[in-house]
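The task is simple: from the sequences and hints, build the whole structure.
Going down the list, the protein sequences come from chains A and B.
Using the working numbering, read the first sequence as starting at 1 and increasing by one per residue.
Using the working numbering, read the second sequence as starting at 221 and increasing by one per residue.
The reader is advised that the hints may include incorrect statements.
As the list claims (entries may be wrong) - Calculated cross-link-like contacts (lysine-lysine; reagent style DSSO-like; alpha-carbon spacing at most 30 Å):
hint	chain 1	residue 1	chain 2	residue 2
1	A	Lys66	A	Lys81
2	A	Lys152	B	Lys322
3	A	Lys210	A	Lys152
4	A	Lys92	A	Lys217
5	B	Lys322	A	Lys210
6	A	Lys128	B	Lys322
7	A	Lys92	A	Lys210
8	A	Lys92	A	Lys152
9	A	Lys121	B	Lys405
10	B	Lys348	A	Lys152
11	B	Lys322	B	Lys349
12	B	Lys274	A	Lys210
13	B	Lys348	A	Lys217
14	A	Lys152	A	Lys66
15	B	Lys277	A	Lys217
16	A	Lys92	A	Lys170
17	A	Lys210	B	Lys270
18	B	Lys322	A	Lys66
19	A	Lys81	A	Lys210
20	A	Lys121	A	Lys210
21	A	Lys128	B	Lys349
22	A	Lys217	B	Lys274
23	B	Lys349	A	Lys121
24	A	Lys217	A	Lys81
25	B	Lys349	A	Lys152
What the hints assert, rightly or not - Not everything, but these chain B residues come out facing chain A in the computed CB check (under 7 Å):
hint	residue
26	Asp293
27	Lys348
28	Val438
29	Asn454
30	Phe469
Said to hold, decoys possible - Far from chain A by the CB rule (all over 12 Å, computed), these chain B residues:
hint	residue
31	Pro252
32	Thr336
33	Ala346
34	Pro372
None of these hints come from the bench; they were simulated from the model.
It should be emphasised that the depicted structure is a prediction, and the values quoted were computed from it without experimental measurement.
All residues carry an ideal CB built from backbone N, CA and C; glycine is no exception.
Listed below, chain by chain, are the residues.
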Amino acid sequence: MLSTDLTLGILPLARRALLALMVAGATLTTAATSASASAPAETYVQNNVQTGLSILNNHSASTDQKREQFERFILGLTDMKRIANFTLGQYKRTASPQEQEAFAQAFQSYAIAVYQSYFSKYSGQTLKVTGSQQRAPGDTIVQTVMIDPNDKSGQPPLEVDFRVLGETGKFVVIDFSVSGIWLALEERDQFSSFLGQNNGSIPLLISHLKELARNYKAEH
Amino acid sequence: MAGFCRRDVGTLAAAVLLAGWLGGCATAPPTPEMLAANDPFEPTNRETLKLNGKIDKYFVIPTVAAYFFIVPDGGRRAIHNFLQNVSLPTVFVNDVLQGETKRAGQTFARFTINTTLGLGGFFDPATKKFRIPAHSEDFGQTLAVWGVGEGPYLILPVIGPQPPRDSFGQVVDVFIDPTNYIHFKQHVWWEAGRYYFTLLDLRGQTYATVQGIQRGSVDYYASLRSLYRQLRDNEIRNGRPEPQNLPEF
Numbered sequence: 001m002l003s004t005d006l007t008l009g010i011l012p013l014a015r016r017a018l019l020a021l022m023v024a025g026a027t028l029t030t031a032a033t034s035a036s037a038s039a040p041a042e043t044y045v046q047n048n049v050q051t052g053l054s055i056l057n058n059h060s061a062s063t064d065q066k067r068e069q070f071e072r073f074i075l076g077l078t079d080m081k082r083i084a085n086f087t088l089g090q091y092k093r094t095a096s097p098q099e100q101e102a103f104a105q106a107f108q109s110y111a112i113a114v115y116q117s118y119f120s121k122y123s124g125q126t127l128k129v130t131g132s133q134q135r136a137p138g139d140t141i142v143q144t145v146m147i148d149p150n151d152k153s154g155q156p157p158l159e160v161d162f163r164v165l166g167e168t169g170k171f172v173v174i175d176f177s178v179s180g181i182w183l184a185l186e187e188r189d190q191f192s193s194f195l196g197q198n199n200g201s202i203p204l205l206i207s208h209l210k211e212l213a214r215n216y217k218a219e220h
Numbered sequence: 221m222a223g224f225c226r227r228d229v230g231t232l233a234a235a236v237l238l239a240g241w242l243g244g245c246a247t248a249p250p251t252p253e254m255l256a257a258n259d260p261f262e263p264t265n266r267e268t269l270k271l272n273g274k275i276d277k278y279f280v281i282p283t284v285a286a287y288f289f290i291v292p293d294g295g296r297r298a299i300h301n302f303l304q305n306v307s308l309p310t311v312f313v314n315d316v317l318q319g320e321t322k323r324a325g326q327t328f329a330r331f332t333i334n335t336t337l338g339l340g341g342f343f344d345p346a347t348k349k350f351r352i353p354a355h356s357e358d359f360g361q362t363l364a365v366w367g368v369g370e371g372p373y374l375i376l377p378v379i380g381p382q383p384p385r386d387s388f389g390q391v392v393d394v395f396i397d398p399t400n401y402i403h404f405k406q407h408v409w410w411e412a413g414r415y416y417f418t419l420l421d422l423r424g425q426t427y428a429t430v431q432g433i434q435r436g437s438v439d440y441y442a443s444l445r446s447l448y449r450q451l452r453d454n455e456i457r458n459g460r461p462e463p464q465n466l467p468e469f
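Pasting the structure below:
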């Protein structure tokens with residue numbers, strides 16, 4: 001019975017722990033997508049995201065300077081209001097305009113801190129666009145990999161995809177995924193569940209987001 | 221085969237006990253939010269997650285700390301390589317069952333190279349020298365490829381997130397794994413050691429990431445559920461993007 005118990009217990013725990021909990025460590029093999037649905041969107045991602053990485057990799061700037069520059073960069077790259085509305089999910093319908101506005105501000109501060117935390121992990125790396133797929137007109141998924149010049153492991157590079165809306169000159173990034181996990185999607189699931197557990201209290205969610213943003217800023 | 225019959229009975233008993241335990245706990249009817257999230261056992265799952273957190277804190281993490289203290293980095297890497305290599309026959313069978321011939325070939329090549337040139341799998345020349353990437357497969361993924369749905373979200377005691385399809389897949393993988401057909405006197409210790417070190421290896425790798433998720437979530441349970449499902453879907457698709465499945469913004 002020992003072997004049965006171990007088989008049913010420890011191996012799945014370990015595997016599920018890896019599956020469910022790893023965000024950046026998964027090294028899944030992806031078939032290269034040669035389709036190039038939107039070259040302008042690819043160029044937009046290639047140029048702009050690399051700029052963000054360079055900001056965080058600038059060793060001559062102070063922490064506050066980097067944070068300020070990165071915030072400006074993110075606000076220029078993304079449509080934060082749209083992302084905030086998306087993450088509210090079904091609760092957007094019942095939220096008052098004041099609550100929506102307060103949430104959008106709290107979310108922006110939180111999201112910038114989260115993005116900085118994520119991007120900091122790859123600040124010494126180079127982004128390489130590998131292709132793109134059009135989901136709908138003006139809605140493109142740009143696929144990239146992060147090339148680490150110091151990596152000698154032989155493992156495939158980390159895959160990061162960006163969802164880009166709009167047309168040339170008016171592009172905005174609305175979500176990105178690491179190894180298949182879309183961040184705004186995960187945030188929407190989290191916020192919806194939190195609100196479901198707390199009688200739909202958006203002020204309580206705002207308070208939590210502010211606290212988390214403070215914690216993130218303290219770490220970086 | 222006698223061993224497998226006994227194991228089968230044990231598996232069935234565990235499943236029945238578990239079903240009874242879940243039935244006993246989940247007395248409150250699921251809310252529309254729980255049903256929308258395909259998580260009708262959410263209250264029970266949340267309690268189980270708390271229990272698993274305590275097991276992790278008081279047993280798993282101290283053990284992992286001792287492992288890191290006693291075994292140097294190179295030794296841990298060799299153990300990791302060995303554990304990965306010994307799981308490759310199961311990966312190979314699932315590659316084949318899914319009709320993934322190229323990936324099956326990669327798995328076969330990795331196993332052959334690492335078992336020989338990698339000295340029984342303790343080294344990984346397949347990745348480092350031959351640039352053959354590693355990938356995971358299991359029977360839960362195979363069932364998904366065959367069109368079987370995940371079922372309601374479940375967190376099991378000790379095990380973690382394990383919806384019915386993946387639970388069943390896990391049991392089938394036990395039967396697929398050829399090492400379970402090699403019986404010798406100390407077999408039980410080999411199995412115990414294998415699973416124990418797998419736990420140490422993977423929990424050691426995920427320690428910082430788990431901490432990050434716990435600290436950065438407004439709802440750790442929901443975050444975990446979303447991450448599990450998204451990662452699992454990505455694995456089932458073998459990383460191939462499916463933009464049409466993404467929601468409208």
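For which of the previously enumerated hints does the structure constitute a violation, in increasing order of number? Going through the list in order, the structure violates hints 3, 5, 8, 9, 13, 18, 26, 31 and 33 and respects the others.
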